[in-house]
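Just so it is clear: in the sequence shown, position 115 is 115 by my numbering, and no numbers are missing.
Derived by calculation from the structure, the hints in this document are not laboratory data. Owing to the predicted nature of the structure, the values given are computational and were not obtained by experimental measurement. Accuracy of the hints is not assured; some may be wrong.
Restricting the straight-line Cα-Cα distance to at most 16 Å, the calculated cross-link-like pairs of lysine to aspartate or glutamate (EDC-like) are [said to hold, decoys possible]: (1) K172 <-> D204; (2) K158 <-> D112; (3) K119 <-> E168; (4) K58 <-> D112; (5) K201 <-> E168; (6) K149 <-> E120.
Restraint-style ranges between C-beta atoms, simulated for each label pair [to be verified]: (7) Y71 <-> E120: 21 to 29 Å; (8) E168 <-> P190: 33 to 41 Å; (9) Q126 <-> E209: 29 to 37 Å; (10) K172 <-> E148: 37 to 45 Å; (11) V200 <-> M161: 16 to 24 Å; (12) G139 <-> L167: 31 to 39 Å; (13) P191 <-> P55: 17 to 25 Å; (14) E120 <-> T170: 36 to 44 Å.
Don't be surprised by glycine CBs; every beta carbon is placed ideally from N, CA and C.
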Amino acid sequence: MVRAASSSLPDVLAGLQMLGLLCMTLFFVGCTTAGNPAPLSEHVPVGIVGGHSAPQGKWPWQVSLRIYSYYWTSWVHVCGGSLIHPQWVLTAAHCVHQRDADPASFRIHAGDVYLYGGKELLRVSQVIVHQDYVHAGLGSDVALLRLEKPLDCSANIKPVMLTSGSLELTSKYPCWVTGWGMYHMYASLPPPYRLQQVRVKVVDNALCEQLY
1 MVRAASSSLP DVLAGLQMLG LLCMTLFFVG CTTAGNPAPL SEHVPVGIVG GHSAPQGKWP
61 WQVSLRIYSY YWTSWVHVCG GSLIHPQWVL TAAHCVHQRD ADPASFRIHA GDVYLYGGKE
121 LLRVSQVIVH QDYVHAGLGS DVALLRLEKP LDCSANIKPV MLTSGSLELT SKYPCWVTGW
181 GMYHMYASLP PPYRLQQVRV KVVDNALCEQ LY
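All chains, please: the whole structure from these sequences, using the hints.
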(Lines of atoms letter the chains of each structure in order from A and count residues from 1; the text may use other names and numbers.)
(Lines give C-alpha, C1' and ligand atoms only; values in the text may rest on other atoms or scores of the structure.)
Protein backbone atom coordinates (compact mmCIF):
# COMPACT_ATOMS: atom_id res chain seq x y z
CA MET A 1 0.00 0.00 0.00
CA VAL A 2 1.25 3.51 -0.76
CA ARG A 3 2.24 5.37 2.38
CA ALA A 4 0.91 8.71 3.57
CA ALA A 5 2.04 12.02 2.11
CA SER A 6 4.78 12.32 4.71
CA SER A 7 6.60 9.28 3.31
CA SER A 8 10.26 9.71 2.48
CA LEU A 9 11.72 9.18 -0.97
CA PRO A 10 13.10 5.72 -0.04
CA ASP A 11 9.57 4.71 1.01
CA VAL A 12 8.24 5.87 -2.34
CA LEU A 13 10.94 4.04 -4.29
CA ALA A 14 10.32 0.74 -2.52
CA GLY A 15 8.59 -1.69 -4.82
CA LEU A 16 9.07 0.38 -7.98
CA GLN A 17 10.81 -2.45 -9.83
CA MET A 18 7.72 -4.62 -9.60
CA LEU A 19 5.41 -1.72 -10.32
CA GLY A 20 7.42 -0.94 -13.42
CA LEU A 21 6.54 -4.36 -14.84
CA LEU A 22 2.87 -3.73 -14.21
CA CYS A 23 2.81 -0.18 -15.52
CA MET A 24 5.30 -0.28 -18.40
CA THR A 25 2.55 -0.16 -20.99
CA LEU A 26 0.80 2.72 -19.24
CA PHE A 27 3.44 5.10 -20.52
CA PHE A 28 2.14 4.71 -24.05
CA VAL A 29 -1.40 5.73 -22.98
CA GLY A 30 -1.53 9.11 -20.87
CA CYS A 31 -4.08 20.69 -18.41
CA THR A 32 -5.25 22.90 -20.54
CA THR A 33 -8.38 25.03 -20.29
CA ALA A 34 -11.78 23.74 -21.30
CA GLY A 35 -13.06 24.49 -24.76
CA ASN A 36 -11.01 23.70 -27.84
CA PRO A 37 -8.27 21.28 -26.72
CA ALA A 38 -4.74 21.63 -27.97
CA PRO A 39 -4.10 19.05 -30.71
CA LEU A 40 -1.86 16.16 -29.77
CA SER A 41 1.68 16.13 -31.04
CA GLU A 42 1.89 14.21 -34.30
CA HIS A 43 5.11 12.61 -33.04
CA VAL A 44 3.54 11.14 -29.91
CA PRO A 45 1.65 7.82 -30.28
CA VAL A 46 -1.25 8.28 -27.87
CA GLY A 47 -4.30 5.92 -27.58
CA ILE A 48 -5.00 2.28 -26.74
CA VAL A 49 -5.33 -0.15 -29.64
CA GLY A 50 -8.42 -2.32 -29.22
CA GLY A 51 -9.58 -0.45 -26.14
CA HIS A 52 -12.86 1.07 -25.06
CA SER A 53 -13.86 4.08 -22.99
CA ALA A 54 -12.95 3.89 -19.29
CA PRO A 55 -15.46 4.89 -16.59
CA GLN A 56 -14.65 7.96 -14.54
CA GLY A 57 -12.82 6.96 -11.36
CA LYS A 58 -11.89 3.40 -12.39
CA TRP A 59 -8.20 4.28 -12.88
CA PRO A 60 -7.69 7.16 -10.41
CA TRP A 61 -3.88 6.92 -10.57
CA GLN A 62 -3.74 7.59 -14.33
CA VAL A 63 -2.26 11.02 -15.12
CA SER A 64 -1.19 12.93 -18.21
CA LEU A 65 2.30 14.43 -18.50
CA ARG A 66 2.34 17.78 -20.35
CA ILE A 67 4.97 19.95 -21.99
CA TYR A 68 4.46 23.47 -23.30
CA SER A 69 4.04 23.86 -27.05
CA TYR A 70 4.88 27.29 -28.44
CA TYR A 71 3.21 26.24 -31.68
CA TRP A 72 -0.13 25.54 -29.97
CA THR A 73 0.55 28.04 -27.14
CA SER A 74 -0.66 25.52 -24.59
CA TRP A 75 0.41 22.54 -22.50
CA VAL A 76 0.09 19.38 -24.62
CA HIS A 77 0.06 15.70 -23.69
CA VAL A 78 3.27 13.74 -24.30
CA CYS A 79 3.07 10.67 -22.04
CA GLY A 80 0.99 8.89 -19.49
CA GLY A 81 2.02 8.31 -15.90
CA SER A 82 0.94 6.65 -12.68
CA LEU A 83 0.37 8.36 -9.35
CA ILE A 84 2.24 6.16 -6.85
CA HIS A 85 2.01 8.56 -3.89
CA PRO A 86 0.04 11.78 -3.33
CA GLN A 87 3.17 13.73 -4.35
CA TRP A 88 4.97 11.39 -6.77
CA VAL A 89 4.30 10.34 -10.38
CA LEU A 90 5.99 7.42 -12.13
CA THR A 91 6.56 7.79 -15.87
CA ALA A 92 9.07 6.78 -18.55
CA ALA A 93 12.55 8.31 -18.64
CA HIS A 94 12.34 8.86 -22.39
CA CYS A 95 9.44 11.24 -21.77
CA VAL A 96 11.52 13.70 -19.75
CA HIS A 97 15.21 13.36 -20.60
CA GLN A 98 15.12 15.45 -23.79
CA ARG A 99 14.21 18.48 -21.71
CA ASP A 100 17.13 17.92 -19.34
CA ALA A 101 14.65 16.81 -16.67
CA ASP A 102 13.89 20.45 -15.85
CA PRO A 103 10.86 20.48 -13.49
CA ALA A 104 9.64 23.79 -14.94
CA SER A 105 9.23 22.09 -18.32
CA PHE A 106 6.42 19.82 -17.14
CA ARG A 107 2.88 19.86 -15.83
CA ILE A 108 0.62 17.04 -14.62
CA HIS A 109 -3.08 16.62 -15.29
CA ALA A 110 -4.98 14.29 -12.94
CA GLY A 111 -8.48 13.26 -11.98
CA ASP A 112 -10.27 13.23 -15.34
CA VAL A 113 -10.89 10.62 -18.03
CA TYR A 114 -11.00 13.41 -20.62
CA LEU A 115 -7.53 14.41 -21.75
CA TYR A 116 -8.43 18.09 -21.97
CA GLY A 117 -11.12 18.24 -19.32
CA GLY A 118 -10.18 21.64 -17.96
CA LYS A 119 -8.68 20.46 -14.67
CA GLU A 120 -5.98 22.57 -13.05
CA LEU A 121 -2.47 21.72 -14.18
CA LEU A 122 -0.09 20.66 -11.42
CA ARG A 123 3.48 21.97 -11.19
CA VAL A 124 6.49 19.67 -10.82
CA SER A 125 9.27 20.47 -8.33
CA GLN A 126 11.72 17.63 -9.00
CA VAL A 127 12.51 15.10 -11.74
CA ILE A 128 14.55 11.96 -11.06
CA VAL A 129 15.68 9.86 -14.04
CA HIS A 130 16.96 6.34 -13.43
CA GLN A 131 20.76 6.51 -13.30
CA ASP A 132 21.10 3.54 -15.66
CA TYR A 133 18.75 4.88 -18.31
CA VAL A 134 20.31 4.71 -21.76
CA HIS A 135 18.54 6.47 -24.60
CA ALA A 136 19.53 3.83 -27.18
CA GLY A 137 17.97 0.96 -25.28
CA LEU A 138 14.81 0.09 -23.37
CA GLY A 139 16.37 -0.70 -20.01
CA SER A 140 15.76 1.38 -16.87
CA ASP A 141 13.28 3.56 -18.73
CA VAL A 142 11.85 4.96 -15.51
CA ALA A 143 11.54 8.45 -14.04
CA LEU A 144 9.92 10.01 -10.99
CA LEU A 145 8.29 13.43 -10.86
CA ARG A 146 7.65 15.14 -7.55
CA LEU A 147 4.66 17.48 -7.45
CA GLU A 148 5.01 20.86 -5.76
CA LYS A 149 2.13 19.97 -3.44
CA PRO A 150 0.61 16.62 -2.41
CA LEU A 151 -2.72 15.84 -4.03
CA ASP A 152 -5.87 15.46 -1.99
CA CYS A 153 -7.11 11.95 -2.63
CA SER A 154 -10.68 11.53 -3.87
CA ALA A 155 -12.78 9.12 -5.88
CA ASN A 156 -11.00 10.27 -9.04
CA ILE A 157 -7.47 10.75 -7.64
CA LYS A 158 -5.79 7.91 -5.75
CA PRO A 159 -2.27 6.41 -5.81
CA VAL A 160 -1.90 2.93 -7.26
CA MET A 161 -1.23 0.16 -4.74
CA LEU A 162 2.35 -1.08 -4.86
CA THR A 163 2.72 -4.85 -5.01
CA SER A 164 5.13 -6.90 -2.95
CA GLY A 165 8.60 -7.25 -4.43
CA SER A 166 8.28 -11.02 -3.93
CA LEU A 167 5.31 -11.29 -6.29
CA GLU A 168 6.21 -13.23 -9.41
CA LEU A 169 4.11 -12.21 -12.39
CA THR A 170 3.21 -14.97 -14.81
CA SER A 171 1.01 -15.23 -17.86
CA LYS A 172 -1.89 -16.33 -15.66
CA TYR A 173 -2.23 -12.78 -14.32
CA PRO A 174 -4.60 -10.52 -16.27
CA CYS A 175 -3.44 -6.96 -16.84
CA TRP A 176 -5.17 -3.76 -17.88
CA VAL A 177 -3.61 -1.11 -20.11
CA THR A 178 -5.00 2.41 -20.01
CA GLY A 179 -4.25 5.64 -21.80
CA TRP A 180 -5.10 8.18 -24.45
CA GLY A 181 -3.13 6.64 -27.32
CA MET A 182 -4.01 5.33 -30.74
CA TYR A 183 -7.14 3.19 -30.75
CA HIS A 184 -6.41 1.63 -34.16
CA MET A 185 -3.18 1.28 -36.09
CA TYR A 186 -2.35 4.76 -37.43
CA ALA A 187 -5.62 6.13 -36.03
CA SER A 188 -5.33 8.66 -33.21
CA LEU A 189 -7.92 8.91 -30.49
CA PRO A 190 -10.57 11.41 -31.65
CA PRO A 191 -12.19 14.18 -29.56
CA PRO A 192 -13.27 14.33 -26.81
CA TYR A 193 -10.10 12.25 -26.08
CA ARG A 194 -11.60 9.99 -23.44
CA LEU A 195 -9.35 7.58 -21.53
CA GLN A 196 -9.27 4.10 -23.05
CA GLN A 197 -8.78 0.72 -21.38
CA VAL A 198 -8.04 -2.78 -22.65
CA ARG A 199 -7.30 -6.11 -20.98
CA VAL A 200 -4.10 -7.85 -22.06
CA LYS A 201 -2.04 -10.89 -21.11
CA VAL A 202 1.23 -10.68 -19.20
CA VAL A 203 4.22 -11.75 -21.32
CA ASP A 204 6.77 -13.88 -19.47
CA ASN A 205 10.31 -12.57 -19.09
CA ALA A 206 11.88 -15.06 -21.50
CA LEU A 207 9.60 -14.08 -24.38
CA CYS A 208 9.86 -10.40 -23.50
CA GLU A 209 13.66 -10.52 -23.62
CA GLN A 210 13.52 -12.37 -26.93
CA LEU A 211 11.22 -9.78 -28.51
CA TYR A 212 12.72 -6.62 -27.00
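Each hint, compared with the structure:
1. K172 <-> D204: Holds, because 10 Å separates the two Cα atoms, which is no more than 16 Å.
2. K158 <-> D112: 12 Å, holds
3. K119 <-> E168: 37 Å, violated
4. K58 <-> D112: 10 Å, holds
5. K201 <-> E168: Satisfied, since the Cα-Cα distance of roughly 15 Å is no more than 16 Å.
6. K149 <-> E120: Holds. K149 to E120 sits at ~13 Å (cutoff 16 Å).
7. Y71 <-> E120: 21 to 29 Å: 23 Å, holds
8. E168 <-> P190: 33 to 41 Å: 39 Å, holds
9. Q126 <-> E209: 29 to 37 Å: At roughly 32 Å between Cβ atoms, E209 and Q126 fall inside 29 to 37 Å, so the hint holds.
10. K172 <-> E148: 37 to 45 Å: 41 Å, holds
11. V200 <-> M161: 16 to 24 Å: 19 Å, holds
12. G139 <-> L167: 31 to 39 Å: Check failed, 21 Å falls outside 31 to 39 Å.
13. P191 <-> P55: 17 to 25 Å: Holds: the Cβ-Cβ distance is about 19 Å, inside 17 to 25 Å.
14. E120 <-> T170: 36 to 44 Å: Holds, at about 41 Å.
The structure fails hints 3 and 12 (numbered hints given earlier, in ascending order).
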